[in-house]
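Novice: Model the placement of chain V on the given structure of chain W, informed by the hints.
There are 2 protein chains.
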Amino acid sequence: MSLALNQRTTKRWSVAEAVEGCVRHGLEAVGLWREEVAEQGLAESVKLVRDAGLRVSSLCRGGFLTTPGGTASGGGGAGRARQAALDDNRRAIDEAAELGAACLVMVVGGLPGVRPGEPLPDAGVSRDLAGAREQVAEALEVLAPYAGERGVKLALEPLHPMYCADRAVLSTLAQAVDLCLPYPEEQVGVVVDTFHVWWDPRLFEEIARAGRRIASYQVCDFLQPLPSDVLLGRGMMGDGVIDFPPITRAVAEAGYAGDVEVEIFNADLWAADPDEVVATMKRRYAQVVTGTP
Amino acid sequence: MSLALNQRTTKRWSVAEAVEGCVRHGLEAVGLWREEVAEQGLAESVKLVRDAGLRVSSLCRGGFLTTPGGTASGGGGAGRARQAALDDNRRAIDEAAELGAACLVMVVGGLPGVRPGEPLPDAGVSRDLAGAREQVAEALEVLAPYAGERGVKLALEPLHPMYCADRAVLSTLAQAVDLCLPYPEEQVGVVVDTFHVWWDPRLFEEIARAGRRIASYQVCDFLQPLPSDVLLGRGMMGDGVIDFPPITRAVAEAGYAGDVEVEIFNADLWAADPDEVVATMKRRYAQVVTGTP
Chain W
2 MSLALNQRTT
12 KRWSVAEAVE
22 GCVRHGLEAV
32 GLWREEVAEQ
42 GLAESVKLVR
52 DAGLRVSSLC
62 RGGFLTTPGG
72 TASGGGGAGR
82 ARQAALDDNR
92 RAIDEAAELG
102 AACLVMVVGG
112 LPGVRPGEPL
122 PDAGVSRDLA
132 GAREQVAEAL
142 EVLAPYAGER
152 GVKLALEPLH
162 PMYCADRAVL
172 STLAQAVDLC
182 LPYPEEQVGV
192 VVDTFHVWWD
202 PRLFEEIARA
212 GRRIASYQVC
222 DFLQPLPSDV
232 LLGRGMMGDG
242 VIDFPPITRA
252 VAEAGYAGDV
262 EVEIFNADLW
272 AADPDEVVAT
282 MKRRYAQVVT
292 GTP
Chain V
2 MSLALNQRTT
12 KRWSVAEAVE
22 GCVRHGLEAV
32 GLWREEVAEQ
42 GLAESVKLVR
52 DAGLRVSSLC
62 RGGFLTTPGG
72 TASGGGGAGR
82 ARQAALDDNR
92 RAIDEAAELG
102 AACLVMVVGG
112 LPGVRPGEPL
122 PDAGVSRDLA
132 GAREQVAEAL
142 EVLAPYAGER
152 GVKLALEPLH
162 PMYCADRAVL
172 STLAQAVDLC
182 LPYPEEQVGV
192 VVDTFHVWWD
202 PRLFEEIARA
212 GRRIASYQVC
222 DFLQPLPSDV
232 LLGRGMMGDG
242 VIDFPPITRA
252 VAEAGYAGDV
262 EVEIFNADLW
272 AADPDEVVAT
282 MKRRYAQVVT
292 GTP
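The listed protein sequences correspond, in order, to chains W and V.
The opening position of the first sequence corresponds to residue 2 in my numbering, with each subsequent residue numbered one higher.
The opening position of the second sequence corresponds to residue 2 in my numbering, with each subsequent residue numbered one higher.
Just chain W, with the same shape it has in the complex (with noise of 0.2 Å):
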């Protein structure tokens, strides 16, 4: 396993400027996120990553695929949320292909009509977790063939339950390893992030039934106690709450060998010197991640 930088964690970074600090500071790849990569351009964001001799080991993000009355059978509005869903998830599987990326990382989505860190709206929210739990699963079935054809890896990551509403009704390693079986293994991974995963009291038996599904592994720590907003109780690992080097020695005794992202969503490491954070990166990395400084 090697380390690799998540641009979101040196978020004033764009494209080309985290290519340049990856290389500066020896690291051999970059998570891109879409944004930054439409920013930059993708034809040269390729280049780019190309020139350098980069990995991209991930890019984030698909999914989305929850849509209010957006089953296979909803027709109207619902069908062309559903459509639009669809259609901006096959942009991405492109753009993957494009950079060469291990995989596209899939943030599924929340319940249908609720936006992400916002009040519920006065209509249009739908309470069915278990039916917005089936969209995921049809959505699947129309995108995994779709990345199969262009080499791209769906990546499917459970995110903690706290943003099971508004973000990712995926919220379980079971859940993504299950959902992943009727694929195959170049088709559809899971991620395992530990900053969302590590309270599950079956986290160890998951990673290694997910064995060879893994398709990235991410890490960041815990904070306590979470932040105002608790998109950002994300930290540097060793600032938080997380046992990492369990998590890392059963993630490589499953099989993955790949390489592990740093993603971090962070105010303050946001505001601090990118290359001091990719730095500090560094240093916990060997000393709290591997356990082997």
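Be careful, since some hints might not be right.
Copies of one chain are not kept apart here, so a pair can be met inside one copy or by any two copies together.
Taking lysine to any residue pairs in the SDA-like style, the calculated list, with each CA pair at most 25 Å apart, reads [stated by the list, open to error]:
(1) Lys12 to Leu87
(2) Lys48 to Gly132
(3) Lys48 to Pro247
(4) Lys283 to Gly152
(5) Lys283 to Arg81
(6) Lys283 to Asp123
(7) Lys48 to Val137
(8) Lys12 to Pro226
FYI, nobody ran anything at the bench for these hints, they're computed from the structure.
Specialist: Okay, now just chain V, sitting in the frame of chain W:
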């Protein structure tokens, strides 16, 4: 099933006021908190609920069993911390017995050394989650027979995974049910609290598996977005994202026929007139929780 007031919903009310409030609003049961019972006096609290003809649906709460270095083999300060935790729980059991409470709710505690809602101290924090969970199982071996001798049922409450570090390493209903099984049904059961478990992909299977182990059913909604103090993310039923009727039906079908406590920690409700809060609670319970207005 019948509606009960957990007195923390009307935080300003003393035991005497909560008892009067229940009678005034036609409720047959009240869930009490140890702090408020101590303020009122245990003997007086017992007399108040008996004279009013109320059931005590629960006493909140025992637990916080995870202590630094506090396994059975720990000596010195570690041993003392563990003994203090056990002693406090024995007192809680005695109080529950005096009150004739249907159960003593157990919030088992987080990682040793992590204080609820507070920043991590510079030293003395354990990140050994499996070890903390083992401590809970060990403490139950001591406390379950003690409770059994006094006719008190311990009700293990899985808390939402966002509280895993600082309040309860018991994070899923499955985990709570597994912990119960070595003990007689009348000694150890589980709490199903909608706020904590609504997101769980295995919720309905685990409610069915819990069966007659369900010692308490508590309801409140999960707010979106969470407030800055995530402990206060609990809302009046209908104000959040939870679909209650399927959960209520599953709990009933599992064999639970006890009281349904409404337990809401919410700054706005705490600032409101408690009588209005109870009136709203009764209306929403009928409209939103049972689905039979």
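Novice: Each hint should be assessed against the structure and marked as holding or not.
Specialist: Against the structure, the hints come out as follows:
no., hint, in the structure
1, Lys12 to Leu87, "neither (27 Å within a copy, 48 Å between copies)"
2, Lys48 to Gly132, "neither (42 Å within a copy, 49 Å between copies)"
3, Lys48 to Pro247, "neither (38 Å within a copy, 53 Å between copies)"
4, Lys283 to Gly152, "neither (31 Å within a copy, 56 Å between copies)"
5, Lys283 to Arg81, "neither (45 Å within a copy, 40 Å between copies)"
6, Lys283 to Asp123, "between (46 Å within a copy, 22 Å between copies)"
7, Lys48 to Val137, "neither (33 Å within a copy, 55 Å between copies)"
8, Lys12 to Pro226, "both (23 Å within a copy, 23 Å between copies)"
Taken one by one, the earlier hints fail for this structure at numbers 1, 2, 3, 4, 5 and 7, listed in ascending order.
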